[in-house]
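Chemist: These are the residues of each chain, in order.
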Amino acid sequence: QKEVEQNSGPLSVPEGAIASLNCTYSDRGSQSFFWYRQYSGKSPELIMSIYSNGDKEDGRFTAQLNKASQYVSLLIRDSQPSDSATYLCAVDNYGGSQGNLIFGKGTKLSVKP
Amino acid sequence: DTGVSQDPRHKITKRGQNVTFRCDPISEHNRLYWYRQTLGQGPEFLTYFQNEAQLEKSRLLSDRFSAERPKGSFSTLEIQRTEQGDSAMYLCASQGERVTGELFFGEGSRLTVL
Chain A
25 QKEVEQNSGP LSVPEGAIAS LNCTYSDRGS QSFFWYRQYS GKSPELIMSI YSNGDKEDGR
85 FTAQLNKASQ YVSLLIRDSQ PSDSATYLCA VDNYGGSQGN LIFGKGTKLS VKP
Chain B
-16 DTGVSQDPRH KITKRGQNVT FRCDPISEHN RLYWYRQTLG QGPEFLTYFQ NEAQLEKSRL
44 LSDRFSAERP KGSFSTLEIQ RTEQGDSAMY LCASQGERVT GELFFGEGSR LTVL
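Read top to bottom, the protein sequences are chains A and B.
When we follow the numbering used here, the leftmost residue of the first sequence carries the number 25, and every step to the right adds one.
When we follow the numbering used here, the leftmost residue of the second sequence carries the number -16, and every step to the right adds one.
If you are wondering where the hints come from, they were derived from the structure by calculation, not from laboratory data.
By construction, the Cβ of each residue, glycine as well, lies at the ideal position given by its N, Cα and C atoms.
Be a bit skeptical, because a hint or two may be false.
As the list claims (entries may be wrong) - Listed below are the simulated EDC-like cross-link pairs for lysine to aspartate or glutamate, each with C-alpha atoms no more than 20 Å apart in a straight line:
| # | chain 1 | residue 1 | chain 2 | residue 2 |
| --- | --- | --- | --- | --- |
| 1 | A | K132 | B | E39 |
| 2 | A | K66 | B | E35 |
| 3 | A | K66 | B | E27 |
| 4 | A | K26 | B | E27 |
| 5 | A | K129 | B | E85 |
| 6 | A | K26 | B | D(-10) |
Said to hold, decoys possible - To give a feel for the contact side, a few chain A residues facing chain B, derived at Cβ under 7 Å:
| # | residue |
| --- | --- |
| 7 | S64 |
| 8 | S67 |
| 9 | L112 |
| 10 | G123 |
| 11 | G128 |
Claimed, not checked - Label-pair restraints from in silico Cβ distances:
| # | chain 1 | residue 1 | chain 2 | residue 2 | range |
| --- | --- | --- | --- | --- | --- |
| 12 | B | E51 | A | R101 | 41 to 49 Å |
| 13 | A | S64 | B | I(-5) | 15 to 23 Å |
| 14 | A | S134 | B | E66 | 29 to 37 Å |
| 15 | A | G120 | B | L97 | 31 to 39 Å |
So that you can see chain A by itself, here it is in the shape it has in the complex (with noise of 0.2 Å):
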């Protein structure tokens, strides 16, 4: 069974510090790998894809991939209550097609204000 493990939260933060979420996944064949948002009642949004090891950066976002240690991540920065959402982490699903993703159950993130 492919799994994708994250914090279920809350993740709560003080606005302007810098939320940090994890994510490990059980596929080692695993190859692309993303962060989603999903406001409250909504539908998820893509954020942020990384497909190498490494750090990728984004505005106020950055992902960090390991792969040899099954682990990714998503730093945001100057964090704004704006950013306040659950934050799911998906990897393919290897074998699959490009859009069949395995999801996590999600970070639930809090930024006070």
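The hints should help you fit chain B onto chain A, whose structure is shown.
Modeler: Leaving out everything else, chain B in the frame of chain A:
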């Protein structure tokens, strides 16, 4: 580009009834996916279409579920003889041919089976 649209947004039905959901993907996207999400869980893959061909089905897609994508445009997901365990958000996502794994989700169709 009007995004992925789904209809209806909410459906309440009694156990044993049939329901059908529709998804209209982003117009230039030839790949379409159905996912299911229950409360407190991440989305779970159900099925995948490339154009009109259904190329993948999850074991979650029991024989009560059927999906179609006639002419490679919109897609429908039908659930026959609904059960309370079918209550969930049914999400449709589309994907362009050149973009790897980046799914654009619709707002979902929430099903409540009484």
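Chemist: Quick one: which hint numbers does this structure break? Sort them smallest to largest.
Modeler: Hint check: 1, 2, 6, 7 fail, others pass.
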